[in-house]
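Quick note, the sequences are listed as chains H and V, same order. Sequential numbering from 0 applies to the first sequence in numbering that gives the first Met the number 0. Sequential numbering from 0 applies to the second sequence in numbering that gives the first Met the number 0.
Be aware that one or more of the hints could be misleading.
[Claimed, not checked] Incomplete in silico selection of chain H near chain V, CB under 8 angstroms: (1) MET13; (2) GLY14; (3) THR40; (4) ARG44; (5) GLU47; (6) ALA53; (7) GLY54; (8) ALA58; (9) GLY59; (10) SER80; (11) LEU81; (12) THR119; (13) VAL132; (14) PHE136; (15) ALA140; (16) GLY157.
[Stated by the list, open to error] Straight line, CA to CA, 25 angstroms or less: simulated SDA-like cross-link-like pairs of lysine to any residue: (17) V/LYS95 - H/VAL43; (18) H/LYS160 - H/PRO41; (19) V/LYS188 - H/LYS160; (20) V/LYS126 - V/ALA16; (21) H/LYS121 - V/ILE50; (22) H/LYS160 - H/GLU32; (23) H/LYS145 - V/GLU191; (24) V/LYS150 - V/LEU21; (25) V/LYS95 - H/VAL83.
[As the list claims (entries may be wrong)] From the structure, some residues in chain H lie toward chain V, with a derived Cβ separation under 8 angstroms: (26) ALA42; (27) VAL43; (28) GLY50; (29) MET51; (30) ALA52; (31) ALA55; (32) MET57; (33) LYS60; (34) GLY72; (35) ASN76; (36) TRP138; (37) GLU141.
Just so you know, the hints here were simulated from the structure itself, not pulled from any lab data. For every residue, glycine included, the Cβ atom is placed at its ideal position computed from N, Cα and C.
In case you want the letters, here they are:
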Amino acid sequence: MIESDVFVQTMQDMGVNFFTGVPDSILGGIIAELMNRRLYTPAVREDEAVGMAAGAYMAGKTPAVLMQNSGLGTSLNALISLNVIYQQPCILIVSWRGQGGKDAPEHLVMGEVMPQLLDTVKIPHRTLTEKTVIEDFRWVAETFMKQRIPVALFITKGVVKGLHP
Amino acid sequence: MRPEQGTLISRAQAMEALLELLTDQPVIICNGFPSREAHKIADRPTHFYMIGSMGNASAIALGVALAKPNKQVITFDGDGNVLMGMGTLATVGALKPKNFIHVIFDNEVYGTTGNQPTVSNVVPLEKVAKSAGYVNVERVLDRDDLVYEFKDMLKKDGPSLLLIKVNEFVEDAGRVLHDPPDITRRFMKAIEG
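When you get a sec, could you build the whole thing from the sequences and use the hints?
Listed below in structure tokens is the structure:
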């Protein structure tokens, strides 16, 4: 299991210096660590977080947006009619609720279709694993720099230490 | 029909008066006719013309304002946009960025899609902003008042919100001519430093 402080430090070492988002339990440890470091600006909706990240990017920051995958639905229009067409990259840290059909009913449809949904709108994505963490973050950084659009890193349950292990 | 409608100025007239008072401040302009009109009145590199992502102009401006605390950041927003992204009033009110000025051109309709009514005729958006925690809030109906209040807001710590009641008139303005990636690059360069 990846420690939350290691996760946050890795992102900071990559140069990420603007963090916003809407919480999810899987991301609880990461958000707590970001708040400890006074790096986190909470948003009230995921599309707002995406908009704030876009503004921060244009003002010289390297932004990341944390969200549950339900928030991908909420923010899809902002992602494709703002970030993608304006070439405003951000790193999406997305918790994969409903993965494998084991979760509360509201998560099951998004949990099943999420990778295909992002394929459809041409947003690159990858799933973080403990074994490949260095390659995963390197891929995120390279894709961000090269494509200048949002890039998603999926976080599955138990990969990053949460609030209540 | 609004009782004051006959006396209201147009959004383009209001925008022109505001743009005369601005120099190199970043201005984030919401989608639809507002972006087209601002582009026609004064096409400055410090303008970010939003063409999609309705409801998001104030969130983008908030991101700029948080990242550039020493620059005053202005949003030109509409009532339809504010209603769609109303949560951002709360985020701004809670975070209280001093360098944030939110202008709402309130014509009580979705003008770009054919003047379908919004609900801002019965929901006073400036009162919502005030309750959410904006520090300076004004509602104005004419040019003299909007110039006076906007000048005042430029001198004060915010967040500030100026709601301007405007009529439904639309300036004959074409689409924004710059490609979106060019708007991004131009805006980034203009607000650097």
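Checked hints:
1. Because the closest C-beta pair between H/MET13 and chain V is about 17 angstroms apart, greater than 8 angstroms, the hint is violated.
2. The beta carbon of H/GLY14 is not positioned within 8 angstroms of any beta carbon in chain V (closest approach about 14 angstroms), and the interface hint is therefore violated.
3. Taking 8 angstroms as the C-beta cut-off, the interface hint given for H/THR40 holds, the closest approach to chain V being about 6 angstroms.
4. At about 5 angstroms, the closest approach between the beta carbon of H/ARG44 and any beta carbon in chain V falls short of 8 angstroms, and the interface hint on this residue holds.
5. The closest approach between the C-beta of H/GLU47 and any C-beta of chain V is roughly 4 angstroms, which is under the 8 angstroms cut-off, so the hint is satisfied.
6. A hinted interface residue such as H/ALA53 counts as satisfied when its beta carbon comes closer than 8 angstroms to some beta carbon of chain V; here the least separation is about 5 angstroms, so the hint holds.
7. Given hint, H/GLY54 at the interface with chain V, holds; its Cβ is 2 angstroms from that chain's nearest Cβ, closer than 8 angstroms.
8. Given the 8 angstroms rule on beta carbons, the hint for H/ALA58 holds: about 3 angstroms separates it from the nearest Cβ of chain V.
9. Taken as an interface hint, H/GLY59 checks out: its beta carbon lies about 6 angstroms from the nearest beta carbon of chain V, inside 8 angstroms.
10. About 3 angstroms separates the beta-carbon of H/SER80 from the nearest beta-carbon of chain V, less than 8 angstroms, and the hint is met.
11. Annotation: H/LEU81 was flagged as interfacial toward chain V, and the flag holds, the nearest CB pair being 4 angstroms apart, inside 8 angstroms.
12. Because the smallest distance between the Cβ of H/THR119 and any Cβ of chain V comes to about 17 angstroms, over 8 angstroms, the interface hint for this residue is violated.
13. Proximity of H/VAL132 to chain V is violated relative to the hint, the smallest CB-CB distance being about 28 angstroms (cut-off 8 angstroms).
14. Contact between H/PHE136 and chain V, as hinted, is not supported at the beta carbon level, the nearest pair being about 23 angstroms apart and thus beyond 8 angstroms.
15. Of the supplied interface hints, the one on H/ALA140 is violated, with its beta-carbon coming no nearer than about 19 angstroms to a beta-carbon of chain V, more than 8 angstroms.
16. Taking 8 angstroms as the C-beta contact cut-off toward chain V, the hint placing H/GLY157 at the interface is violated, the least distance being around 31 angstroms.
17. Between V/LYS95 and H/VAL43 the CA atoms are separated by roughly 15 angstroms; this keeps the pair inside 25 angstroms, and the hint holds.
18. Restraint check for H/LYS160 and H/PRO41: satisfied, since their Cα atoms lie roughly 20 angstroms apart, inside the 25 angstroms limit.
19. Straight-line distance between C-alpha atoms of V/LYS188 and H/LYS160 comes to about 40 angstroms, which puts the hinted pair past the 25 angstroms bound.
20. For the given pair, V/LYS126 sits about 24 angstroms from V/ALA16 by alpha-carbon distance, which is consistent with the 25 angstroms threshold.
21. About 20 angstroms separates the Cα atoms of H/LYS121 and V/ILE50, which keeps this hinted pair within 25 angstroms; it holds.
22. Using a Cα cut-off of 25 angstroms, the hinted pair H/LYS160 and H/GLU32 holds, with the two alpha carbons roughly 11 angstroms apart.
23. Simply put, H/LYS145 and V/GLU191 have alpha-carbon atoms about 21 angstroms apart, close enough for the 25 angstroms limit, and the pair holds.
24. Restraint check for V/LYS150 and V/LEU21: satisfied, since their Cα atoms lie roughly 9 angstroms apart, inside the 25 angstroms limit.
25. Using a Cα cut-off of 25 angstroms, the hinted pair V/LYS95 and H/VAL83 is violated, with the two alpha carbons roughly 29 angstroms apart.
26. Interface hint at H/ALA42: satisfied, since its Cβ lies 6 angstroms from the closest Cβ of chain V, which is below the 8 angstroms cut-off.
27. The restraint placing H/VAL43 at the interface with chain V holds, with a minimum CB-CB distance near 4 angstroms, inside the 8 angstroms limit.
28. Residue-level restraint check for H/GLY50 holds (minimum Cβ-Cβ distance to chain V is 3 angstroms; threshold 8 angstroms).
29. For H/MET51, the suggested interface contact is upheld, since its CB lies about 4 angstroms from the closest CB of chain V, less than 8 angstroms.
30. Interface hint at H/ALA52: satisfied, since its Cβ lies 6 angstroms from the closest Cβ of chain V, which is below the 8 angstroms cut-off.
31. Checking H/ALA55 against chain V: minimum C-beta separation of about 4 angstroms stays under 8 angstroms; hint holds.
32. Interface restraint check: H/MET57 against chain V, minimum CB-CB distance 5 angstroms, threshold 8 angstroms, status holds.
33. The interface hint given for H/LYS60 is met, as the beta carbon of that residue sits about 5 angstroms from the closest beta carbon of chain V, less than 8 angstroms.
34. For H/GLY72, the suggested interface contact is broken, since its CB lies about 15 angstroms from the closest CB of chain V, more than 8 angstroms.
35. The restraint placing H/ASN76 at the interface with chain V holds, with a minimum CB-CB distance near 6 angstroms, inside the 8 angstroms limit.
36. This hint is violated: H/TRP138 has a C-beta 23 angstroms from the nearest C-beta of chain V, more than the 8 angstroms allowed.
37. The closest approach between the C-beta of H/GLU141 and any C-beta of chain V is roughly 20 angstroms, which is over the 8 angstroms cut-off, so the hint fails.
In summary, the numbered hints that this structure violates are 1, 2, 12, 13, 14, 15, 16, 19, 25, 34, 36 and 37.
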